[in-house]
Amino acid sequence: MDANISRGYVQLDRPADVERLVEKNIDPINRPPNDRCHCIYIALLLAGVGFLLPYNSFIIAVDYFQSRYPATTIVFDMSLIYILVALVAVIINNLLVETLSLKTRITFGYVVAFLTLLFVAFFEIWFEIFDLRLGYYVNLLAVAVVSFGCTVQQSSFYGYTSMLPARYTQAVMTGESAAGLLVSTNRILTKALLENEKFNTIIFFCISIAFIVLCFVIFVLLRRSEFIYYYVNRCRDYSDSDDLQKHIVLEPTEDVGLVDMLDPSEAKCGKYGVLSLRSPPASPVVQSEAEVDPSMQDGSEDNWIGSTESVHASIVFGGGTRYRVQDVVVCMRGTTYSKHIQWWRGIKRGIKNRWEVSQLIWPYMLSIGLAYFVTLCLFPGIESEIVSCCLGSWMPVILMAIFNFFDFIGKILASVSHDWTRRQLLLLSASRVFLVPLLALCAAPRGSPYLSGEGWSMIFSLLLGLSNGIAGSVPMIVAPSVVPDERKELTGNIMTLSYMLGLTTGSGVAYLIDYFLGPPLLHPCPELISIISTTVFENVTSPFDNSTFFNYDMWNITIPMNDTIGNNSSFL
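Residue numbers for the sequence shown, in UniProt numbering: 1 to 572.
In short, the hints are calculated from the structure, not lab data. Where is the CB? At the ideal position from N, CA and C, for every residue including glycine. Just to be clear, a hint being listed does not mean it is correct.
As the list claims (entries may be wrong) - With a straight-line Cα cutoff of 16 Å, these simulated EDC-like cross-link-like pairs (lysine to aspartate or glutamate) come out:
| no. | residue 1 | residue 2 |
| --- | --- | --- |
| 1 | 198 | 128 |
| 2 | 198 | 124 |
| 3 | 191 | 63 |
As the list claims (entries may be wrong) - Okay, the calculated beta carbon distance ranges per label pair:
| no. | residue 1 | residue 2 | range |
| --- | --- | --- | --- |
| 4 | 126 | 430 | 43 to 51 Å |
| 5 | 517 | 213 | 36 to 44 Å |
| 6 | 352 | 445 | 46 to 54 Å |
| 7 | 95 | 463 | 34 to 42 Å |
| 8 | 448 | 102 | 48 to 56 Å |
| 9 | 431 | 138 | 38 to 46 Å |
| 10 | 508 | 99 | 25 to 33 Å |
Take these sequences, add in the hints, and give me the full structure.
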């Protein structure tokens with residue numbers, strides 16, 4: 001252990017991050033670096049792709065899972081499991097936001113997603129080492145694991161981008177939509193090019209795994225950029241330097257040197273040369289360029305720890321005398337006592353900070369929560385239950401592709417203008433509620449929906465995706481702009497918690513809608529209908545004898561029959 005630390009003495013210096021910025025000729029205070037060629041924007045867009053791609057890989061492969069587990073609620077179950085675990089993960093991440101580093105939390109998400117998708121692709125889909133019942137639960141467990149890792153990662157990224165200009169939060173949200181669009185395109189191509197459903201699903205998952213690896217590599221490169229260094233350190237300086245700027249003050253003295261903070265009796269004697277830890281109303285303030293050096297917080301063998309900050313500062317007094325602080329004696333406390341006090345104070349401070357931030361951003365919290373509530377009522381569960389006797393297993397794949405494409409378009413439109421008032425955002429989110437009964441009528445009742453044509457469900461899916469892209473991103477973009485810089489990361493985490501609550505309640509309501517649809521049908525529409533008819537006219541042969549018919553009307557609003565069709569039955 002360092003001898004100076006054991007004596008309570010520490011040499012002051014500048015932090016490594018500031019030194020690094022200075023070495024790169026970047027002014028850490030006044031001159032932000034440029035995002036050349038929009039590389040940071042693209043990198044954060046791919047980051048958004050990375051943490052939602054694993055979940056989308058399970059959901060978009062709806063055709064495979066419905067054929068492997070027919071007449072089950074596999075898509076509903078995956079969605080609910082993902083959301084419930086994600087809600088817990090967001091709460092845990094809010095507690096760990098000041099415990100584990102940002103790099104650790106984000107890397108954890110990538111590693112979990114990579115290993116889980118690899119396991120499912122090879123052991124559950126390729127080798128099929130599990131029977132149907134066990135395989136069903138293995139898939140749900142895989143979704144839960146992916147949910148935990150990726151949600152910690154997602155919430156961390158929103159806190160990360162909250163420290164950057166607003167357009168970079170929009171980049172991450174656009175990446176989320178791009179993930180759905182990318183996975184939908186992947187599924188359409190693999191399904192169209194490869195007839196074997198098992199093989200094309202394996203290829204589909206392998207492509208998703210490759211994208212996750214790519215996103216992780218880009219994240220590693222992103223952290224090293226000058227642009228990220230500047231904005232992250234600026235936000236940290238607002239909070240970390242607050243104590244240094246308000247609590248370290250030198251009394252006027254002719255001989256400023258080492259001072260002793262361990263003996264309070266000397267501090268009360270009026271001796272000059274004492275370094276006072278207090279917040280003065282009108283005293284000269286240290287202009288600090290530093291933050292806590294983690295290497296100075298190592299404990300000793302007898303459980304003592306130094307509480308200090310690394311400081312490189314200059315003090316200018318009114319008389320023109322300039323002092324330079326280079327050494328400070330460290331006050332020592334037992335770690336057991338300190339940890340308990342810090343833990344309890346940290347909880348109270350965290351609750352207070354979250355309450356104060358929530359009072360500023362509650363309209364945005366309500367807006368984004370309501371937006372995702374409506375979305376999860378319908379997507380992916382109800383959309384996967386809409387049947388087309390013409391498109392067959394392609395129907396849910398196409399509907400989800402339409403949703404993801406227009407959700408992506410909505411995110412792009414949200415980036416064009418953020419000039420939405422709080423009232424407008426709330427009205428937009430509330431108006432989406434009307435899509436719930438409309439899309440439900442495309443599937444209810446099973447076998448004979450009131451809006452049975454494919455066109456209706458496609459139009460409603462388009463509107464659902466487009467409105468979700470706008471109402472689900474603008475509040476997240478605007479909210480950090482109404483809080484102080486030091487609370488932007490906290491705002492990102494609170495907004496993530498808000499929309500996770502919307503997702504959770506929406507997933508629960510989706511089960512209720514599914515209940516009203518009735519029990520699932522093993523064969524919702526007959527594949528071939530052989531009509532052997534006899535003419536009502538004698539000696540006249542009908543041209544429709546032994547013919548095969550499909551009842552296909554894209555905008556059909558009639559109620560078709562779903563019962564077993566006899567020889568004399570007809571769709572017409």
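Going through the hints against the structure:
no.: 1; hint: 198 x 128; verdict: holds, 10 Å
no.: 2; hint: 198 x 124; verdict: holds, 11 Å
no.: 3; hint: 191 x 63; verdict: holds, 10 Å
no.: 4; hint: 126 x 430: 43 to 51 Å; verdict: holds, 46 Å
no.: 5; hint: 517 x 213: 36 to 44 Å; verdict: holds, 40 Å
no.: 6; hint: 352 x 445: 46 to 54 Å; verdict: holds, 52 Å
no.: 7; hint: 95 x 463: 34 to 42 Å; verdict: holds, 38 Å
no.: 8; hint: 448 x 102: 48 to 56 Å; verdict: holds, 53 Å
no.: 9; hint: 431 x 138: 38 to 46 Å; verdict: holds, 40 Å
no.: 10; hint: 508 x 99: 25 to 33 Å; verdict: holds, 31 Å
Checked against the numbered hints given earlier, this structure breaks none of them.
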